[in-house]
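Visitor: Make the full structure from the sequences, and use the hints.
Protein chains: 2
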Amino acid sequence: METLVAVGGGAAGMSASSRARRLKPDMEIVVFESTKMVSHAPCGIPYFVEGLFNDENLFMTYTPQFFEEKRKIHVKTNTKVTEIDFDSRIVYGESREGKIKAEYDYLVISTGAIPRKIPVEDGNDRIFYAHHPANAVELRERLWSLNTIAIVGGGILGIEMAEALTHIGKKVILIHRSKYLLNKTIDTELGNIITQRVSKDAEVRLNESVETIKEGGRLIVTDKGKYQVDGTIIAIGVAPNVELVKDKIKLGETGAIKVDDHMRTNYREVYSAGDNTESVNIITKKPAWVPFAPVANKMGYVAGSNIGGHEMRFPGVVNTQITKYKEFYIGRVGLQEDEARLHGFKPISATISGKTRARYYPDAKDIHVKIIADENTKRILGAQIVGGEEVLGRIDMMAAAIMKGFTIEDTFFIEMGYLPAISRVWDPVIVAIRQLMKDE
Amino acid sequence: METLVAVGGGAAGMSASSRARRLKPDMEIVVFESTKMVSHAPCGIPYFVEGLFNDENLFMTYTPQFFEEKRKIHVKTNTKVTEIDFDSRIVYGESREGKIKAEYDYLVISTGAIPRKIPVEDGNDRIFYAHHPANAVELRERLWSLNTIAIVGGGILGIEMAEALTHIGKKVILIHRSKYLLNKTIDTELGNIITQRVSKDAEVRLNESVETIKEGGRLIVTDKGKYQVDGTIIAIGVAPNVELVKDKIKLGETGAIKVDDHMRTNYREVYSAGDNTESVNIITKKPAWVPFAPVANKMGYVAGSNIGGHEMRFPGVVNTQITKYKEFYIGRVGLQEDEARLHGFKPISATISGKTRARYYPDAKDIHVKIIADENTKRILGAQIVGGEEVLGRIDMMAAAIMKGFTIEDTFFIEMGYLPAISRVWDPVIVAIRQLMKDE
Ligand SMILES: Cc1cc2nc3c(=O)[nH]c(=O)nc-3n(C[C@H](O)[C@H](O)[C@H](O)COP(=O)(O)OP(=O)(O)OC[C@H]3O[C@@H](n4cnc5c(N)ncnc54)[C@H](O)[C@@H]3O)c2cc1C
Ligand SMILES: Cc1cc2nc3c(=O)[nH]c(=O)nc-3n(C[C@H](O)[C@H](O)[C@H](O)COP(=O)(O)OP(=O)(O)OC[C@H]3O[C@@H](n4cnc5c(N)ncnc54)[C@H](O)[C@@H]3O)c2cc1C
Numbered sequence: 001m002e003t004l005v006a007v008g009g010g011a012a013g014m015s016a017s018s019r020a021r022r023l024k025p026d027m028e029i030v031v032f033e034s035t036k037m038v039s040h041a042p043c044g045i046p047y048f049v050e051g052l053f054n055d056e057n058l059f060m061t062y063t064p065q066f067f068e069e070k071r072k073i074h075v076k077t078n079t080k081v082t083e084i085d086f087d088s089r090i091v092y093g094e095s096r097e098g099k100i101k102a103e104y105d106y107l108v109i110s111t112g113a114i115p116r117k118i119p120v121e122d123g124n125d126r127i128f129y130a131h132h133p134a135n136a137v138e139l140r141e142r143l144w145s146l147n148t149i150a151i152v153g154g155g156i157l158g159i160e161m162a163e164a165l166t167h168i169g170k171k172v173i174l175i176h177r178s179k180y181l182l183n184k185t186i187d188t189e190l191g192n193i194i195t196q197r198v199s200k201d202a203e204v205r206l207n208e209s210v211e212t213i214k215e216g217g218r219l220i221v222t223d224k225g226k227y228q229v230d231g232t233i234i235a236i237g238v239a240p241n242v243e244l245v246k247d248k249i250k251l252g253e254t255g256a257i258k259v260d261d262h263m264r265t266n267y268r269e270v271y272s273a274g275d276n277t278e279s280v281n282i283i284t285k286k287p288a289w290v291p292f293a294p295v296a297n298k299m300g301y302v303a304g305s306n307i308g309g310h311e312m313r314f315p316g317v318v319n320t321q322i323t324k325y326k327e328f329y330i331g332r333v334g335l336q337e338d339e340a341r342l343h344g345f346k347p348i349s350a351t352i353s354g355k356t357r358a359r360y361y362p363d364a365k366d367i368h369v370k371i372i373a374d375e376n377t378k379r380i381l382g383a384q385i386v387g388g389e390e391v392l393g394r395i396d397m398m399a400a401a402i403m404k405g406f407t408i409e410d411t412f413f414i415e416m417g418y419l420p421a422i423s424r425v426w427d428p429v430i431v432a433i434r435q436l437m438k439d440e
Numbered sequence: 441m442e443t444l445v446a447v448g449g450g451a452a453g454m455s456a457s458s459r460a461r462r463l464k465p466d467m468e469i470v471v472f473e474s475t476k477m478v479s480h481a482p483c484g485i486p487y488f489v490e491g492l493f494n495d496e497n498l499f500m501t502y503t504p505q506f507f508e509e510k511r512k513i514h515v516k517t518n519t520k521v522t523e524i525d526f527d528s529r530i531v532y533g534e535s536r537e538g539k540i541k542a543e544y545d546y547l548v549i550s551t552g553a554i555p556r557k558i559p560v561e562d563g564n565d566r567i568f569y570a571h572h573p574a575n576a577v578e579l580r581e582r583l584w585s586l587n588t589i590a591i592v593g594g595g596i597l598g599i600e601m602a603e604a605l606t607h608i609g610k611k612v613i614l615i616h617r618s619k620y621l622l623n624k625t626i627d628t629e630l631g632n633i634i635t636q637r638v639s640k641d642a643e644v645r646l647n648e649s650v651e652t653i654k655e656g657g658r659l660i661v662t663d664k665g666k667y668q669v670d671g672t673i674i675a676i677g678v679a680p681n682v683e684l685v686k687d688k689i690k691l692g693e694t695g696a697i698k699v700d701d702h703m704r705t706n707y708r709e710v711y712s713a714g715d716n717t718e719s720v721n722i723i724t725k726k727p728a729w730v731p732f733a734p735v736a737n738k739m740g741y742v743a744g745s746n747i748g749g750h751e752m753r754f755p756g757v758v759n760t761q762i763t764k765y766k767e768f769y770i771g772r773v774g775l776q777e778d779e780a781r782l783h784g785f786k787p788i789s790a791t792i793s794g795k796t797r798a799r800y801y802p803d804a805k806d807i808h809v810k811i812i813a814d815e816n817t818k819r820i821l822g823a824q825i826v827g828g829e830e831v832l833g834r835i836d837m838m839a840a841a842i843m844k845g846f847t848i849e850d851t852f853f854i855e856m857g858y859l860p861a862i863s864r865v866w867d868p869v870i871v872a873i874r875q876l877m878k879d880e
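Residue numbers (the numbering used here), protein chains in the order written: chain A, 1 to 440; chain B, 441 to 880.
Take the hints with a grain of salt, since some may be wrong.
Unchecked claim - Lysine-lysine pairs mimicking DSS-like chemistry, simulated, CA-CA at most 30 angstroms apart:
#1 A:K365 <-> B:K510
#2 A:K24 <-> B:K786
#3 B:K510 <-> A:K326
#4 A:K365 <-> B:K795
#5 B:K766 <-> A:K326
#6 B:K795 <-> A:K355
#7 A:K80 <-> A:K99
#8 A:K184 <-> A:K258
Simulated from the structure, these hints should not be mistaken for laboratory data.
Guide: Pasting the structure below:
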């Protein structure tokens, strides 16, 4: 009987196993997961910290029992894989009961990402990472007991944690290296709006680099000053978690595991999926690494399909990102303007501000849209939106458009719906597009 | 000097004139409009009746003065065009000051649509049409003075008026010919949800045809019974307003004015745009008539571009529709399942119910998604969504997908964003798509 082993039971690992199970009802499937949770949602951590829900089991889409009983997938929680022998096709690991060993015909590496770190001195008992749901209860207890908290890093995680903590009354110092928040998600025009908004609730320090953290997390030393706090959250980004395999499996230039469009590594029977896996940017055709949950799930689905004998190709990524800060949703897809330039495009862009509803309909929210296109081909390269409602759907629409090479004019003609209660007859996206058309 | 005349100052007429003005700063441009309003938004009428706003001037995006002063477009309100001599290129009409006459080099016919009627007996002083913003104040005054109001027709306008009137405490009897409401927008599965919802507020009579209306609008006689009410709103749909030109300009099989993809009629210098104009359905390649505001605006834009010397082609329509009833947004795009069959496709479909937010995030709303695809080509043919939030964006995304011939698998891979506060990691649309994939 064929055996599939997955290393890591997050989104990618469980998606791959579930899909393989559906296609091969008789396959033996084993998932090793070092924590107590599988099919978990790290994305919920900030909201758990904010107190929007209290049951840690809600982090899991399905429990280990569910997978065992309903899908006949053997889930080995609290079991860390420590070595993989790719030639003999054997996985070695450790559980509470002792050492484990498993042979495989197919392997899925789905170990996710790990948080990037900062040099610390004098211990780290007050340094926190919002990373794995299995630690969320402890993280929350610790954070709730503090008053002044530093967040290092003003990317998505940084601002989501800032939202959560300011919402529950903590004093937050947000230290960010760049000149505005979310600079890897959106361009200056829109980033400034969010930076100003966050600054109303938190002390935002821009253009400032942390050099070291002392006193176990209570003293932050930057290139511009020192901050005495009760604890520090490090949110300076994540890296592919490839420690276990990096000497044996080919990595790509992004540092994540290199795969073909079937999600296969350099070993034919070894697949990789999720935050540890490299992909290809559909616009630039260059290697790209997009550590977000829908991509992880779909990569897992594709790996599972191919293992299950149903051929499927992963088309690549366009780097869709969405987050929120209080009343603002913030989304982007494609390339930022600088990125576009870097990749040899000749970007033109339009940024507009509008409202989300007809001028006569109550409670309209502000919305700001930036669209980036290539001057030569007129192809859409990127879209960024900051607004009070219906941001996600517009970003999703632009994701579809960018994935299939829509031009400015193609996008103009997308037959977006109009309802005064929730949109504008000239949708803000189309208003930005019209501005690009006038430049012709 | 060249002269452009537009007949009708709604969305299409003003969009065409404005675009032509931008491209040809010196052109003489005259718009004749039979009411007192231009660039008006009929879409706001139900909300005005509901009392969500009170200033009728808000119906106008821009005032006649704005067009005169800022765009040098001569707007002749309260001026009805009564005849067009296409051979001599002369427009004749009547204003309060008397007869008017204008020669043109280019003509845009943008007369919109007119409501379909029902045979009435004994007068019509209590029969109402929610059609033109210029009559909204009077309409609202009259409706507010009544208690029990019948609405004939359970399409988009019917349910929008039912929402407005039940919201302000009127007793509403909604009489609809088909077996569920919105049957020309969505299929049974989703239509039933809305039908049940509306039935909580209004007396909904299905499978019932109105035969005549008597007592000036106070007695409705159907094939099943009689209803005594204080007044009746007719909302059984609209027809292209082509009375003025139908003997001289070629109409299409939908009854609307036939145009090429430049929006030109059978006279080279005569364009047509908006609710009076036929288009082509991108999926079926057959003539189609989609009387909605974004289409009207874009048709006008294309006509204006071509008149202005900047060549542009209108790509056709996919029939995006969006409306709401209380806590539900309702959207569709593409073909309904029956429609698809009628056009020779072999439709397969999946209908799923889900939530709009992560299971742990508060205040998630219900959402129901139906996706229709062609079994042979795997191409997406239609999408329908009923849900509590973010319906429009998903429909817009599907509009983009359908316009460019996305397959089921293409759609699966659209990199939709995920934020627990406003979506699901497997988006409801993707869940429906996965169901279609499993059928393979
Ligand atoms: C706080 C936070 C918020 C986020 N918010 C969003 C969001 O809003 N939207 C979004 O799209 N994405 C978000 N993400 C990213 C998203 O969570 C990831 O993209 C997704 O979880 C990746 O899934 P994965 O299966 O690749 O990795 P993971 O979910 O990280 O799962 C990998 C699993 O492998 C296990 N593992 C690792 N090594 C071993 C080993 N040697 N042996 C056994 N098990 C091992 C780990 O314990 C882990 O459970 C967020 C991430 C974080 C941390
Ligand atoms: C109550 C209602 C709600 C709606 N809701 C929505 C919605 O939510 N979303 C959506 O997309 N669409 C909606 N629509 C449809 C939308 O309003 C139309 O698609 C849009 O107005 C069409 O623009 P148009 O310029 O073609 O026609 P119109 O807006 O009808 O303008 C045509 C103009 O021509 C004038 N005219 C006609 N004949 C003559 C003549 N002989 N001489 C001079 N002037 C003339 C008319 O007075 C009118 O002002 C709604 C329509 C109604 C009635």
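Visitor: Does each hint fit the structure? Answer for all of them.
Guide: Going down the list of hints, with the structure as the test:
Proximity of A:K365 to B:K510 is assessed by CA-CA distance (about 27 angstroms); at most 30 angstroms being required, the pair is judged to hold. The straight-line distance between the Cα atoms of A:K24 and B:K786 is roughly 29 angstroms, inside the 30 angstroms bound, and the hint therefore holds. For a cut-off of 30 angstroms, the pair hint linking B:K510 to A:K326 is broken: about 39 angstroms separates their Cα positions. Of the supplied pair hints, the one linking A:K365 and B:K795 holds, its CA atoms being roughly 23 angstroms apart against a limit of 30 angstroms.
Between B:K766 and A:K326 the CA atoms are separated by roughly 25 angstroms; this keeps the pair inside 30 angstroms, and the hint holds. Simply put, B:K795 and A:K355 have alpha-carbon atoms about 26 angstroms apart, close enough for the 30 angstroms limit, and the pair holds. Of the supplied pair hints, the one linking A:K80 and A:K99 holds, its CA atoms being roughly 9 angstroms apart against a limit of 30 angstroms. Of the pairs offered as hints, the one joining A:K184 and A:K258 holds, with about 23 angstroms between alpha carbons and a cut-off of 30 angstroms not exceeded.
Of the hints listed earlier, the one the structure fails to meet is number 3.
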